[in-house]
Amino acid sequence: MTRTELPFRLAGVIAVVALAALPLLGNAYLVTFAFTVLIAYILAQSWDWVAGEMGYVNLGHYVFYGVGAYAFSIALVAQYPTAFALLAAVGVTAVVAVLIGFPMFRLRGDYFAFGTLALLPLAEVLAYNLTPITNGADGIVLPVQNVQTISYLLALGVCVVAFLMTVWINRIRFGYALKSVRNDEEVAEVIGVRILPVKIKVLTLSAAFAALAGAIQSWQMSYIDPATVFGLNVALVPVAMVLFGGSGLRWGPFVGVLALAGMQQWLLVNVKVLQTTIYGAIILLIGRFMPGGILRSSWVRGSRWLGALGRDHHEYIVDKRGADPRVAATLPLPRLTVDRRQPLLECRSVRMAFGGNVAVNNVNLKIMQGEIVGLIGPNGCGKTTLFNCISKVFEPTAGEIHFAGRNLRELRRDEIAQLGVGRTYQIPRPFSDLTVQENIAVPLMYHDASLTPRQALEQARDFVAYAQLTPRLTARADSLSLQEKKALEFARALACKPKLLLVDEVASGLTPAEVTRFVDHIRHVRDDYGVTVIWVEHIFSALAQVVDRVVVLEQGALIADGALHDVVKDERVLRTYLGSAAAGVV
Amino acid sequence: MRMLRKILTIAAAGSCLAAFAGDAAAKLGSCNEPIVFGTTISETGPFSTLADRWRGMTEIFAEEVNRSGGVQVKACNKKVPIKFVIYDDQSVPAAAVSLYEKMATVDNVDFFVGPDWSSLGGPVPPIAEKHKIPIVMGNVATPSIYDRGFKYVWGTPYPVVPRWSERYFDMLSKMNPKPTSIFFITHDNPVTKGITGVWSKKAEAQGLKIVGSETFSQELKDFTALIAKVRAAKPDVVYISSFDGPSVPLVQQMRSLKVRAMDVHHVMLTGSLYRQVGKDIEGMTGELSWYPGIKGPYSDLVETVMQRSNISMFDYIWTLGRLSSYLVMVQAIEKAGAVDREKVREALYKGTFKAPAGDIVFDERGFPNNGAFTVQMVGGKVSVVWPPEVATGKVVWPSPSWK
Amino acid sequence: MNVEVFVQVLIGGLLLGGLYALVAFGLSLIYGVVRILNFAHGTLLAVTGVAASLIFASWQLHPVLIALLLMPPVFAGGYVFYMALLHPLNRRNHFESTVGTVLVTVGALLILSDLTAKLAGATPKNIPLRFAAIEIGEIVVSTTQLGILCGIAVLTVAMHLFLKRSWFGRAIRAVTQDEVGAQLCGVQSTRLKALTCAFGSATVTIAAVLYVLSFPVDPYMGFGLTVKAFTIIILGGIGNLPGALLAGAFLGVAEGMTGLLWKPEWAPALSVILMLLILVALPQGFARKSA
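Chains as they are written, first to last, in my numbering: chain A, -17 to 568; chain B, 5 to 407; chain C, 1445 to 1735.
FYI, nobody ran anything at the bench for these hints, they're computed from the structure.
For clarity, every value in this text was computed on a predicted model and none was experimentally measured.
Possibly wrong hints are sitting among the right ones.
Unchecked claim - Mimicking DSBU-like on lysine-lysine, the simulated pairs with C-alpha atoms at most 35 Å apart in a straight line are:
id, chain 1, residue 1, chain 2, residue 2
1, B, Lys238, C, Lys1707
2, A, Lys254, B, Lys134
3, B, Lys197, B, Lys233
4, B, Lys238, B, Lys262
5, B, Lys339, A, Lys254
6, B, Lys83, B, Lys262
7, C, Lys1707, B, Lys182
8, B, Lys299, B, Lys197
9, B, Lys358, A, Lys254
10, B, Lys205, B, Lys136
In isolation and in its complexed conformation, chain A is listed as follows (with noise of 0.2 Å):
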């Protein structure tokens, strides 16, 4: 535990303790508002998993809320115990959530937001007309007992749980899953990590809490109809919230419903006309003047207690060691026997087409073990799709693709990962809001099931060292150079702890110095770790120092295979790619 973390645990503990003995102090006032504000962090708390966390804005998240309350209701008038109840209402709502999000998640970005949006009205109907089990537009009146206290703390002891399972997300491997789906879902895939459980799960604890929240709520209130919990206008409200504070942020939810419901109360009592339009006014300046939250604001950056609380959930994790000076000459990966005769990568007549374009015309490669080769080609001849083909991107129309002995056919992204497949992109998609040390982290960690997140990002040190990125050690990826951003590619790639390392035109855009020092980690990696590569390349000086031999693509089809001063003088490539005033150059 840091110094600066001791006083904020402190605080939150009394916190707490205050929070629990307010029912004894004695105002019953003070005591509703307080847990109207429980109610509303456990919902922004549980939305912010799903979207803050993994970047997907579910605005239908009170659609758990209402079924948690309709099936909470429904069991305690059938005379349950309300333990069961409750019980009753997480175990509906998961399993409406696990059907909701797999039609859902077919959506991106704010496809996605619309269509969970919509189901809010879907669930109002349907809980109007279903009246053998709702009661229709009646409402459940639930026997009338005094919970006000046992609910508030109950209540209490859900919003506890809730900031604790943040922290604990945040410490484990799971988050980081969620945080690489929320910058890159594909690349994410490509380095190893399985996305759809992972959403699954995601929303699926998302829902159980906001389920709990309308059982505990509608308990308290003793009485729900469809318009109470199903309403459109109240659907944005935890939402608000939690951008409010600043989305993402471990006290961004806490810090949001805080300052929100405050204003919201105040007005309410004090402010006799167009109290909405104030709260309004509020929330669309924040969101023109501070749209990252209030957290997220350079006034609170600024400050020195307040910009604790608004630290990213890796700096709690990291170490804060400074950046070690040395450069490691070994890296952290296995040291692969090879054998030159084995082929590690084998593709049969691979052919993929799109509608009727085809871009990889029946290809037919052998890669034997610890080889490096050069994929060349005009543009659009099909190398990046031969790769996408490879790392599973796209599934091949035809052919076969065998990878160390195994058919690819039909596997999943992620376990081509895991068999021993990295790759770079032309264009860097480094995850965008991870630090350099982050992104090379969460594929440590996915290669190791054993490695907790601090010990991944403990090792990830070594492999920007390699890179040469240690000063950027923890800064955000998507304020690196071109340059850095690729180095932090390959180092990412790397950290995959490849068989077969496919490399795509690293050394576009970079100065001579910086071609060589690229060259020099591609020959040290397959002479001391037995990674075989291939290098889709244009600069050829690059190539001709490296590789063992080379392979030419032509829309889509194999056109030369060879060593390189044999292929440069073929006819065919002359003719389609290199131009005849190369002829007599090499």
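Using the hints provided, position chains B and C relative to the given structure of chain A.
Just chains B and C now, kept in the frame of chain A:
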């Protein structure tokens, strides 16, 4: 700038806390302080469409009552003025709950009146019960809400579902040519569904054959399919059990699709409906709890209040429910003879209270017996047509505009 | 059930669907170009509708005049709204600009509905104009309905031609596909986006007047309409106006048919159920659309 922001933050935090501090507690039962009625009104949010200008109406009510000194309290040997504490519940139950708690514990009101609507009438009574503060709710019509064994809870929905169309069906039994079939169109809402539930049974008992019953949801805009069914059934009476707003497209489309019947009856025929459908409303019958020109106890007070607050009884039918809750509470205090919650509770229990349209009698659950008069729109004007003793106009049967 | 009833329901459904589609048009346009989730869109319709009905109540102007009267201020409002509140968010990173637009539009929704309720009252309003009805056998079509249907059709064709033929329309489509490329071709994308926002809002005005001729509006119903519009955009495709019209018409007719063949109370759920079914059945149809 940063200093300014710091100051603003601290000020905001401070005022948040101050919001929870109370006013100096009004001493309950004191003869020298005004009697405080605590209430919330849905001034914003979806229910505000039903509660137009009620804050002003409430304050004017207090003014008018206080004009003569206030409420006669025997124990104080004088008239004590009344005062309202009014908050906006924003149509959100959780907000209403916290506001009633505040009024009970921080503002220290003497009695509760309101709220309205079942969504709020569900969660709020337990608070009154807990603090033992008598509450006379307004337009809370769902009977099951009164079945919870509360001792401090009453309500004055106007009219109550079991008596809603009593006079109308009485009228039907005496009309010539006699209607023999009836089609129910119901808005999906507990009140209106309750009305249909009760009155479809009574219609059958009266010898009317139910040739159709359809329910529509709040947002339905295209009634073509439903109207097709009505036309196919060819009923003598079309009974629309709906709030005025959602039924506007229904009425308009019934007109344009030339629905024919001896009568089209709307359980909430209001001025608001009239304004929106215009001439389409001609010939329709409806229910009204009270109307200008009715003479009964407190009718002067009610008329003055409505006139001053610029509300027409025909416009928004919920106002009488609201006002009645105030009238009942005032009378209960007079009957109790003291500003004492327990005495007022006893006075309210199974009590009978005066109101312009007839006595309000509570049963042991706190549920009243309010009825309504049958009205008809003729020539753009609304007149009471049944019962004949109080009618201001003659009923036109069958309705010519729907023939 | 006979043919005439079927046709009657069809006509009603087309009318309703056409109105839904109109609501979706403006949203589709704005979203396609400016890429903002505008939660206040439906509320803008509700507010303009309230204004239209008030104008009618006071001065009895012809609906076309009312629309023409309301369009310029709404147009200007849309432009200013974009420039003052939304454009500055573009400079921020993707996450913050998305969050910012959500907060800004939600705030605008709250402000608009509350101010309208305060100034004009919260009770529902409409324009109670009734024109003669035309009877063909058992089928009755009111000329109001016909007029509205014509209005919708004309508007759709006009907007479609505008987008396809005019420079502005082509610029909009260019910016939708590749903003930087369009800028390099001389499109002032900032001004274009602001104009699109303005234009989309003005479309809402026409939709509002047509809507309010058929159904009542109150300040709080906007969000429900926004949700419907979003659903139509998903079904019909972003920026695809004919697609939105088809999707809207399909939806309106489907809702009517549900009422006829089954029960009216399920009709509003239909759009969402359809959307969910399509998502489960045709995932590829939407996978390529990553926003």
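Verification of the hints:
Straight-line distance between C-alpha atoms of B/Lys238 and C/Lys1707 comes to about 19 Å, which keeps the hinted pair within the 35 Å bound. A hinted pair counts as satisfied when its Cα atoms are at most 35 Å apart, and A/Lys254 with B/Lys134 qualifies at roughly 28 Å. A C-alpha spacing of about 19 Å is found between B/Lys197 and B/Lys233, which places the hinted pair at or below 35 Å, so the restraint holds. As the CA atoms of B/Lys238 and B/Lys262 are separated by approximately 12 Å, the hinted pair is consistent with the 35 Å bound.
Taking the CA atoms of B/Lys339 and A/Lys254, the gap is about 34 Å. The hint holds against a cut of 35 Å. Restraint check for B/Lys83 and B/Lys262: the C-alpha separation of about 59 Å exceeds 35 Å, so the hint is violated. For the suggested pair C/Lys1707 and B/Lys182, the alpha carbons sit about 31 Å apart, so the restraint of at most 35 Å is met. A threshold of 35 Å between alpha carbons decides the hint, and for B/Lys299 with B/Lys197 the separation of about 32 Å falls inside it, so the pair holds.
Of the supplied pair hints, the one linking B/Lys358 and A/Lys254 holds, its CA atoms being roughly 33 Å apart against a limit of 35 Å. Of the supplied pair hints, the one linking B/Lys205 and B/Lys136 is violated, its CA atoms being roughly 38 Å apart against a limit of 35 Å.
Hints 6 and 10 from the earlier list are contradicted by this structure; the remaining hints agree with it.
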